[in-house]
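Numbering (the UniProt record's numbering), first residue to last: 1 to 482.
Hints may contain errors.
Below, simulated DSBU-like cross-link-like pairs (lysine-lysine); rule was C-alpha separation at most 30 Å, straight line [to be verified]:
1. K131 with K364
2. K364 with K456
3. K365 with K131
4. K131 with K368
5. K131 with K206
6. K368 with K451
7. K131 with K451
8. K364 with K451
Calculated from the structure, these hints are not laboratory results.
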Amino acid sequence: MIGCGAVLVALAGLLMTLPHFISEPYRYDHSSPGGISLTSKDPRWVGAWWLGFLISAGMVALAASPYFFFPREMPKEKYELSFRRKVLAGATSPVSKSENSPSEQNPGESLKKQDGLAQIAPNLTVIQFIKVFPRVLLRTLRHPIFLLVVLSQVCMSCMVAGMATFLPKFLERQFSITASYANLLIGGLTIPSAIVGIVVGGGLVKRLHLSPMRCGTLCLLGSLFCLLFNLPLFFIGCSTHQIAGIIHQPSTQPGLELFPGCAEPCSCPSEDFNPVCDLSTRVEYITPCHAGCTSRVVQEGLDQSQVFYTNCSCVRAGSPVLAGSCDSACSHLVLPFILLVSLGAALASITHTPSFMLILRGVKKEDKTLAVGIQFMLLRVLAWMPSPVIHGSAIDTTCVHWALSCGRRAVCRYYDNDLLRNRFIGLQFFFKTGSLVCFALVLAILRQQNKEAGTKASNCSPGLEQQLLVSGPKKQPEDSSV
């Protein structure tokens, strides 16, 4: 089954590459004289987006091939098979039902049978499983430790889903780097840091033999330090550079203002997008037409050619403008930013194994399998599905200029970088705070349970002392006679 599932994943990866082969060629506007010369820094640059899915599908297919050489059933222990047969025989035997009526049956034995049925859930029929599942589900969801740990994992998964979906785009817009470089930083620093955090968390649990109380403390510390490393991210970034013709009004829908009279004779269409940058003033124009340029010059270089537009009537001193968007003034801050993100990812990943152990040690033995299944179901439904939608909606609210297609908003051309940074990092901060609060409540409940266990032990100890005092004098005559 594992091999078949991996093959299906590989086929899904292949299907995701089909749009590249069956769609029409990419089309661009022809608003600039001489056509458009795109570079990898241009926001319209597409690249071989399908190649990653193709390589990943091939690697998954190769990794799945060894599973087909495993036996159909793994060898099982003899005592496990005999236990399963006994429980199934006791549950389905009509003789046992007639001999022991419900009123005469020992409640301890019935509980044992129910526990046995829960332990062999994979061997139950569909009807038996449907009868057992609601009771186990309610019992698991009512467990405070399980519920709080799952909620903390939901918050962490919301953070991870938002980062995985929109962090490359955030880095592109905030620091003016290429899409390939942004994904290279994430794949080379952030993901390995998260892997190291998971391994370190598992090693600490195994090496130090952490109790549930200490697992909760480790999760709380990991969430706290992850939150602290998130705070400097609010201040690492730059404001949006000046863009001619874009109005920044937070209270209303931004749009295009009237361009100076120099561009009016050109009748520039507002739907076109071919940005050019005035390097002397760091002012960006939507198209060369909006800058009033009439000619185009190509300068050949060793690595790549540069396109300049000249005779620009709307540019100060009529200086030439360079094709492409203006670079950010804080591109050098991308490495400190990604390092802080990677450290936060490592600290958040340390909580993975301890939180999983809290679930396994908190629920009953017969409920562990279903508890893990319920955990992953809640993570998918509450985190991985809504989180990209929440992050995407928050990012869309920071757009200051939308491209129109058939009179409707199509894609955002420019963002308010300060607002984008505050809302994207603010969402991350919100989810990390939620995880911290849940782990703090888990730790408080564990402390309360330890106090109650201590008081019960102290209440039982005087009774034991009295039994020892009573039994002592009875044994003294025997010792004296001997």
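Hint check results:
1. A hinted pair counts as satisfied when its Cα atoms are at most 30 Å apart, and K131 with K364 qualifies at roughly 18 Å.
2. A hinted pair counts as satisfied when its Cα atoms are at most 30 Å apart, and K364 with K456 qualifies at roughly 21 Å.
3. Annotation: proposed proximity of K365 to K131 holds, straight-line Cα distance about 19 Å (limit 30 Å).
4. Between K131 and K368 the alpha-carbon distance is near 17 Å, which keeps this suggested pair within the 30 Å criterion.
5. For a cut-off of 30 Å, the pair hint linking K131 to K206 is broken: about 37 Å separates their Cα positions.
6. For the given pair, K368 sits about 25 Å from K451 by alpha-carbon distance, which is consistent with the 30 Å threshold.
7. Our distance criterion of 30 Å between C-alpha atoms is broken by K131 and K451, whose separation comes to about 37 Å.
8. At most 30 Å may separate the alpha-carbon atoms for a hinted pair to count; K364 and K451 meet this at roughly 21 Å.
Against the hints set out earlier in the document, violations occur for numbers 5, 7.
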